[in-house]
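J.: Turn these sequences into a full structure, and let the hints guide you.
Which chain is which? The protein sequence lines are S and C, in order. Going by our numbering, the first residue of the first sequence is number 18, and it counts up by one from there. Going by our numbering, the first residue of the second sequence is number 462, and it counts up by one from there.
Please note that a few of the clues may not be correct.
To be verified - Per label pair, the in silico range of CB-to-CB distance: (1) S/Thr276 - C/Asp539: 16 to 22 Å; (2) S/Pro311 - C/Asn673: 18 to 24 Å; (3) C/Glu505 - S/Gly406: 57 to 63 Å; (4) S/Met263 - C/Glu505: 38 to 44 Å.
Since the hints were made in silico from the structure, they are not lab data. In this text, all values refer to a predicted model and were calculated from it rather than measured experimentally. Where a beta carbon is used, it is the ideal one built from N, C-alpha and C, also for glycine.
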Amino acid sequence: MFSNMLRSPGKTAAWRLSIWTTLAFSVGTALAFLIMYLLVENSVRERTDAWLKGEAEVLSNVATSNAQDTLYGRIVEEVTEQATREIAEEGSEKGQNEKSIFFVMNAENHPTLWIGPEPRESYLTAIDRAQLKSGIPQYIHVDNLPIPFRVVASSREHGSRIYLGLIDHAANNLLDRLIQRFVLVWVGMVLLGFVIAYASASRTLSRVERIAETVARIGTDDLGSRLPEAGNSDEISRLSRTFNHMLDRIQASVNQLRTVTDSVAHDLKSPVTWIRGRLEGALSNSNDSSWREPVAQAIEGLDQMAHLLNTTLDLAEAAAGALQLDRKRTNLSALVRQLVDLYHPAFSEHHHELEVDITSDISIDADVAMMNRVVGNLLDNELKHLPDGCRVRIQLTETNKRAELRIEDSGPGFSPELRGRAFERFVRGTHSSGHGLGLAIVQAVVRAHGGEVGISDRAGGGAVSVVTLPLAPRADAPII
Amino acid sequence: MFNSQCSSEGQLNIHHFPGQVQMRLLLVEDDPAIRGFLEQALTEAGYEIDTANTAASAETLILRGNHDAFIIDLGLPDGDGLELIQRCRAKGSTAPVLILSARRSVNERVRGLEHGGDDYLTKPFALAELLARLRNLLRHAAPPQKETLRLRVGDLQLDFVRREAYRNDQPLRLTSQEFVLLEYLCRNAGRVVTRAMILENVWQMRFDPATNVVEVHIYRLRNKVDRDSDQPMIHTIRGVGYVLKHA
Numbered sequence: 018m019f020s021n022m023l024r025s026p027g028k029t030a031a032w033r034l035s036i037w038t039t040l041a042f043s044v045g046t047a048l049a050f051l052i053m054y055l056l057v058e059n060s061v062r063e064r065t066d067a068w069l070k071g072e073a074e075v076l077s078n079v080a081t082s083n084a085q086d087t088l089y090g091r092i093v094e095e096v097t098e099q100a101t102r103e104i105a106e107e108g109s110e111k112g113q114n115e116k117s118i119f120f121v122m123n124a125e126n127h128p129t130l131w132i133g134p135e136p137r138e139s140y141l142t143a144i145d146r147a148q149l150k151s152g153i154p155q156y157i158h159v160d161n162l163p164i165p166f167r168v169v170a171s172s173r174e175h176g177s178r179i180y181l182g183l184i185d186h187a188a189n190n191l192l193d194r195l196i197q198r199f200v201l202v203w204v205g206m207v208l209l210g211f212v213i214a215y216a217s218a219s220r221t222l223s224r225v226e227r228i229a230e231t232v233a234r235i236g237t238d239d240l241g242s243r244l245p246e247a248g249n250s251d252e253i254s255r256l257s258r259t260f261n262h263m264l265d266r267i268q269a270s271v272n273q274l275r276t277v278t279d280s281v282a283h284d285l286k287s288p289v290t291w292i293r294g295r296l297e298g299a300l301s302n303s304n305d306s307s308w309r310e311p312v313a314q315a316i317e318g319l320d321q322m323a324h325l326l327n328t329t330l331d332l333a334e335a336a337a338g339a340l341q342l343d344r345k346r347t348n349l350s351a352l353v354r355q356l357v358d359l360y361h362p363a364f365s366e367h368h369h370e371l372e373v374d375i376t377s378d379i380s381i382d383a384d385v386a387m388m389n390r391v392v393g394n395l396l397d398n399e400l401k402h403l404p405d406g407c408r409v410r411i412q413l414t415e416t417n418k419r420a421e422l423r424i425e426d427s428g429p430g431f432s433p434e435l436r437g438r439a440f441e442r443f444v445r446g447t448h449s450s451g452h453g454l455g456l457a458i459v460q461a462v463v464r465a466h467g468g469e470v471g472i473s474d475r476a477g478g479g480a481v482s483v484v485t486l487p488l489a490p491r492a493d494a495p496i497i
Numbered sequence: 462m463f464n465s466q467c468s469s470e471g472q473l474n475i476h477h478f479p480g481q482v483q484m485r486l487l488l489v490e491d492d493p494a495i496r497g498f499l500e501q502a503l504t505e506a507g508y509e510i511d512t513a514n515t516a517a518s519a520e521t522l523i524l525r526g527n528h529d530a531f532i533i534d535l536g537l538p539d540g541d542g543l544e545l546i547q548r549c550r551a552k553g554s555t556a557p558v559l560i561l562s563a564r565r566s567v568n569e570r571v572r573g574l575e576h577g578g579d580d581y582l583t584k585p586f587a588l589a590e591l592l593a594r595l596r597n598l599l600r601h602a603a604p605p606q607k608e609t610l611r612l613r614v615g616d617l618q619l620d621f622v623r624r625e626a627y628r629n630d631q632p633l634r635l636t637s638q639e640f641v642l643l644e645y646l647c648r649n650a651g652r653v654v655t656r657a658m659i660l661e662n663v664w665q666m667r668f669d670p671a672t673n674v675v676e677v678h679i680y681r682l683r684n685k686v687d688r689d690s691d692q693p694m695i696h697t698i699r700g701v702g703y704v705l706k707h708a
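T.: Quick look at the structure:
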């Protein structure tokens, strides 16, 4: 799970799933918090408004029943101070003047009494601009003040008005803290939600990952592996069970196929053995030349058949990854040189010019018989496809910590339709007399040795076959 | 088959039967057709043959201890041939065993040799190769022979010190490879050797070339050995192999 996350989290389904889940979750919780905040803010404002209206009423009554003198001013000051303290128990250290205003406007729109912060002009212009209606509290934004005043106006007879305003610091602080907490809790919830979503998605999807791994292993390894089946019956368990059923069926058919192939091969070999033996015995015992030739041809045909049978079985084994190799430390240089010695006269018969360039003492871990077959098949291929009188260059070098065998010729090269398919079974050139398994077995054996084989056309005309094989680990005495 | 024409001379003794005693073999094979032709071919080659078609009957015969070698097929109806070999080895049977098998895998061969087999031949095989391997096993079972410095077959002479070959006392000027090939043919003078046997014994390779590389070597050697003589010695027996014999 975490290795996946480190590898390329953007590409895993668990990552994408958890991103979407988290996104939906975070939007939902943010909306819930917003609604809650609006409700709280509303109730706080209602409380402030109720107080403002009530106090404005009281002050209005006091003003009506008392002369507008210094005594009235003191009463008002006390009432506002008391009221402000009452509503804002946790108020800041600042003076009451900055939190509340009270003033009376006469009919000429001139303030007759002012209790509140100075300079009063900025407050007055702001209130004037707002066009307050009597008895309806409203927010007044005063220049240079971050927090708006909540102000209520109360009309009196003679056209004069009483204005009472308040900054509810406590309510503001409460709402600020509420926002802060909301954001903190929200971020925490979103992170936690993401982790939980990712963990559970990964856990679920890791079962899918295991299925993929098992199925991949079956492709290269054996058919015996099975997926673990959980007891429950969720979608992934059903997937596992379906896969296992499928694997059971595949294994059964492959085993059946192998048994059939094995017994067919075995059953074919028995008659080939005794027919060949009888024919050989007949050849050795008689000198009647009229039937020697057809019998000899029959034996050669049987040999071809046996060769084809064996190579097909080898290829089938190699395809199943079951090619058995008897690997030993092998001097590849000596092996190639010996094959060149074996093939040299045949090349000369076809008037080919053979150029050999072999670096000494290149050692690989190889099955000697199989490696003989690889190099022999490649040389057979040259002999079979080249017109007489070509140049053939056989080169064995050590490049990039690998042994590289290169066979170049000056022949016609590979035909385009053959180039891409030369290593497939039963693919052969138009003029080839072989059965088309030679290069297929070359590739199978080279790959089983951890190497690669490739063919291409040479720049100046002709073909190049290149086999690269991993070198054997260094040792003092290379042996063949 | 060709042993009647065997004509080796000089220091090397290539008789089938040291001491002229007829060798007695036990053939364990369940396929009646294969058993039939092998029995006939081995009898013609001068061996005395007993046969068995099951592991149980074979074990009784083996433990009597009067055979010089065993030819055992691995796929027997009543048990694995390997177990049979192992049981008989455990009970003190020492005669050489040639394993026949339809399987060619390396493991099978290795297992066969580990379980007490002495040689391994896969089906289908050339009769000539079976006879050669059998001879080889029986020779190893007999006391070792002296190393020789010279070998003579008719008017052909091989000098192993100088690594030179002579026909009618004329040097043949062979390449070193040609000398080894001629030596192999001479040591098997009068007996057919197959292409696979030549590859294995002269070049130490166990594979089946798709082209006539071995034939070309024989052709070149024959050009040198038989060119100046009206009595050719190297003969091709089509479908079987090659034989070197004199007159």
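J.: Against this structure, judge whether each hint is valid.
T.: Now the hints, each set against the structure:
The hinted window of 16 to 22 Å between S/Thr276 and C/Asp539 holds, with their beta carbons roughly 20 Å apart. Distance hint for S/Pro311 and C/Asn673: a CB-CB separation of about 20 Å, consistent with the stated range 18 to 24 Å. For C/Glu505 and S/Gly406, the Cβ-Cβ distance of about 48 Å falls outside the hinted range of 57 to 63 Å, so the restraint is violated. Separation of S/Met263 from C/Glu505 is about 57 Å and departs from the stated range, judged on CB atoms against 38 to 44 Å.
Going through the hint list in order, the structure does not satisfy hints 3 and 4.
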